[in-house]
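**Student:** Protein chains in written order, with numbering that gives the first Met the number 0: chain A, 0 to 373; chain B, 0 to 604.
What the hints contain is simulated information worked out from the structure, not anything from laboratory work.
Any given hint might turn out to be false.
[Said to hold, decoys possible] EDC-like cross-link-like pairs, simulated, lysine to aspartate or glutamate; straight-line CA separation at most 20 Å:
#1 B:K106 / B:E192
#2 B:K228 / B:E493
#3 A:K262 / A:D196
#4 A:K49 / B:E112
#5 A:K333 / B:D546
#6 A:K286 / A:E304
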Amino acid sequence: MKCLQCGIDNQLRDRTANQGRCKSCGHLFAFEPTAAKHPMPGFTDVFFAKLIQDLSVNGALFFTEKQLQYLLKRRLEQQVLRSVNILNMIFGFLMLFIAINIAIGIFTGNLTALIITPVTMLPFFAWLCPQRHKIRQLKLGISQIDRVTFLLWIQKWREINGIPKLLPPLRQETSSIVVSPEVSDYSFERVVVCENDSVAQLLIANNLHFEHNCAVISLSGYPLGLFETVIEMLQRNPNLSVYALHGATPTGVRLSTTLRLPKWFPNPNVKIYDLGLSPRQAMAMKKAAVKRSNASARQAKHIPETVRQTLSRAELNWLLAGNFLELESFGPKKLLRVVSQRISWTGSGGDTDAPWAYQDTASISPIILAGGFG
Amino acid sequence: MAVDGQPEAQPWGFIGYWGQSPQSLMGRRLRDAIAHLSSSSRLRLRESSSASQGVAWGVVQIYNGSSTARESSHRQAQSQSTNGECLGTLSASGLGSTDEDIWVRVKQDGSLEWGRTPFGRAPLYWMQQGSALWFASQLRYLLPLVELWDISLPAFYGYTCFSYVPTPLTPIQAIQAVPAGVTQQHRWSPQGELLTQSHLQKTVSDWSTSSHQLEDEAAAVDQLQTLLKAAVSRQLNALPKGPVGVFLSGGLDSSVVAALLTQAGVEVQAYSLDFGHEAATELPYARQTAEFLGIPLVTVKAEPTQIRAALAATAQALDLPFGDSVTVPLYLLNQSAAADTTVVFNGENGDQLFAGWTNKPLITARLYNLMSPEQPEAFDQQYLKTFHRFYGYETQIFTPPIQDEIAALSPHQWLQSALGSDQDPLLHRLRRATLMLKGAQNIQPRATQLAFAHGLRVRSPFCDPELTRWTFSLSSSLYLRGTCEKYILKRAAETWLPPEIVWRGKRGMGVPLTFWCFNQLWSDLGRWLNPADLRAEGLWRAHLPADILSGRLGGIQGRRMGEALWLLLMWRQWRLTVLGDASTGWALDHPFWLPRWFWQALRRG
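Produce the entire structure from the sequences given, and follow the hints as far as they go.
**Tutor:** Now the structure itself:
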């Protein structure tokens, strides 16, 4: 296992002899893959560092704990999937080899080909069976990585290596932050209202407000302390554009409707664009990290009739079955890119019902890609 | 002597020396330096010396146009130099002594003084070699005098942060730029050391909040209309016989200039850019303005074919590297105008004066600053981010040795003097900063360079000292009202232009660079930004172009990809055309020789 600090490879005996430290530089290893408790999968420091590097796009973007957890699970599942694919290939090859030998034996009457060769393959099958069992166990282990375990890993990693771009837990300020009138006198042309506080925190930390000159708030009143000021500023613009950003969840599908309530933006001149993920889109995504819970199923039962009418029967059933797909199952890069593209797209008069799925930069409209003049 | 109806021909540039070295030596070097100039330039040489002070000077003024006499020499009497002598001045507008942008003078006490006006419309460079100072209005005039030049890493780093090289730096270590709004005085000590004093001109000191802030909107509109008319009127001398050009973007500022020119009875021809059907063009608005004012409009195509053809010429015309995507389209605009006229007007500086839309993100950032997961950002840090270039991506764009060398540099140092005091109202601080940085170090000098390259004089009525001073006496609430930027200018212009032009939201004229890079210019990128050249230069990571377009630079996505790539491209073009670097070879370790769709398929796979 390579040391993150000096890059020197340390065998298990080196790590054991040095109490989990690098034999060369003494840097502490955060993870010991061989010490993972069955059926939990083991992974190396390099693996975990790569997760962070990829998620933050080489340290450029902030991300949430949940996003890291989603990526960790996805990468571990990919590793298992690779092993499954290799075992399936070996199995397929053996079966083909045996079938050819049996065919040769039948046509030629060669007993060696007919019986002995297939029998000699039995040890391979004997080896394969426990491997397949091990993989099933690993899959189980990955599905059992709970929040507590994950937070312990995070804490350990942070102590040893630090995670500068991991967003801190949401602050719970209750007192109002004083904003200078020279700022609060102005207004915004648009606002992104997020279903979750953590997504709002993520967008703000990654400067979406700066890039698109928009306010970013959440349904439950994030950022605390600034929320009232931002709402006052927004109400000063009668032609505001509101972007509802949500996952494919029971709360998410009703967000646009909620935002028409008197406490939000009842003015019909205010345009509300749904930037969120619909159950239809979630169902169409092959590798989506769809979750299922009883709580979500219970929430789905309370979706108002007006919102139900906007959903197909398949979508409603999908939600009623407790399925949901969170926005944080996407990394910050993808989330920011999709939100930015859709804000630009709707802002330039594009079709508001464009697919949510990520579009490659090369294939999107030049209107969105146009640079500023001067 | 009259040129194009002007009472007296104005120079287009100059180069000279002042110092204690033997005059014969400096004079010979001066002649060597000007030997590189185009044969179409007409040169006027003047030299003088003062035995009592042991100082000699010489200057060559450069004029456009053919002349049978390639060089006319004029030797001054010794007494003349001691009485104080103007060695060189330059006026971007061509209005001469009433509108000088740079000047170099030998004072009566024998010292040398030079300076630039605060709007920064013309650059001024200098360097010291032994006991001689060399000065010039173009960087390339001084280059032949530098035997072994080195790239200035601070200047290079500044360029990657801002898309222009911050003054007083230049990309060449040995050469410095005089900052806009600064006057410098030099003298030699008895020991032969150079003593230099710099001071900020009073005009720049006036760019701070006035103690009385005008709140009355009606009075402000009235005063502004008068000031705008006066500013345009001051730019109406020495006009050519035919029409003057106006660069009409379709935005408010250039439309106001066009309206005031037509009101003043000036014959006007408008020029506007057409980026093709793909771009979020503002051409319809330019057409509407031209139609409303009854002036002819020439549309200038700026599509990949034209961009490709004009790229190298633009880099050469700019003289310094300017990394904004708009430079080549502006070059094409000047090229087109030069066929019809010798004077062009533009609306540059309007955004800086009246708090255009670029200020809004900073107000938003100020509000959300308290939510920052890191330490709340300082104002200069927030301002730095408005440039949207490579700041913060140092480890991903520079080679490791360059990273080490720039580690101790902070780009904030190039912002400090412009950002002013915390005590000033936010909008006045932002306007001052933008005037001194984005205006004086980027927009204005590049506009002049591109115009001069085509023999055009450029006039910017918004670069008016009186008008600028007045804007600092106006309450912030008259600039940004709700979501409306430049509120007071819109109010002043609403009787001059159609309401759709005045009150529409800012859309911004777009150069669809990212789209072009992924499509029509895809294979050109492999030639312009070949890894072999980047490796040989040793500054950039060799695969940076592909990294940018792959989205590996985190926050640089969408249109920012094209802007980032363009900054890199203009640096390379500047090296090729101004420094005369040669391409070092051809490497294939880049994706641009592959069909773009194939590269994308590989990435997805």
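**Student:** Now tell me, hint by hint, if it's right for this structure.
**Tutor:** A quick look at each hint next to the structure:
1. B:K106 / B:E192: Holds, at roughly 18 Å.
2. B:K228 / B:E493: At roughly 14 Å apart (the allowed maximum being 20 Å), E493 of chain B and K228 of chain B satisfy the hint.
3. A:K262 / A:D196: Holds - the C-alpha atoms of D196 of chain A and K262 of chain A are around 18 Å apart, at most 20 Å.
4. A:K49 / B:E112: At roughly 58 Å apart (the allowed maximum being 20 Å), E112 of chain B and K49 of chain A break the hint.
5. A:K333 / B:D546: It holds: about 16 Å lies between the C-alpha atoms, which stays within 20 Å.
6. A:K286 / A:E304: Violated, at about 30 Å.
Hints 4, 6, counting from the list given before, are not met by this structure.
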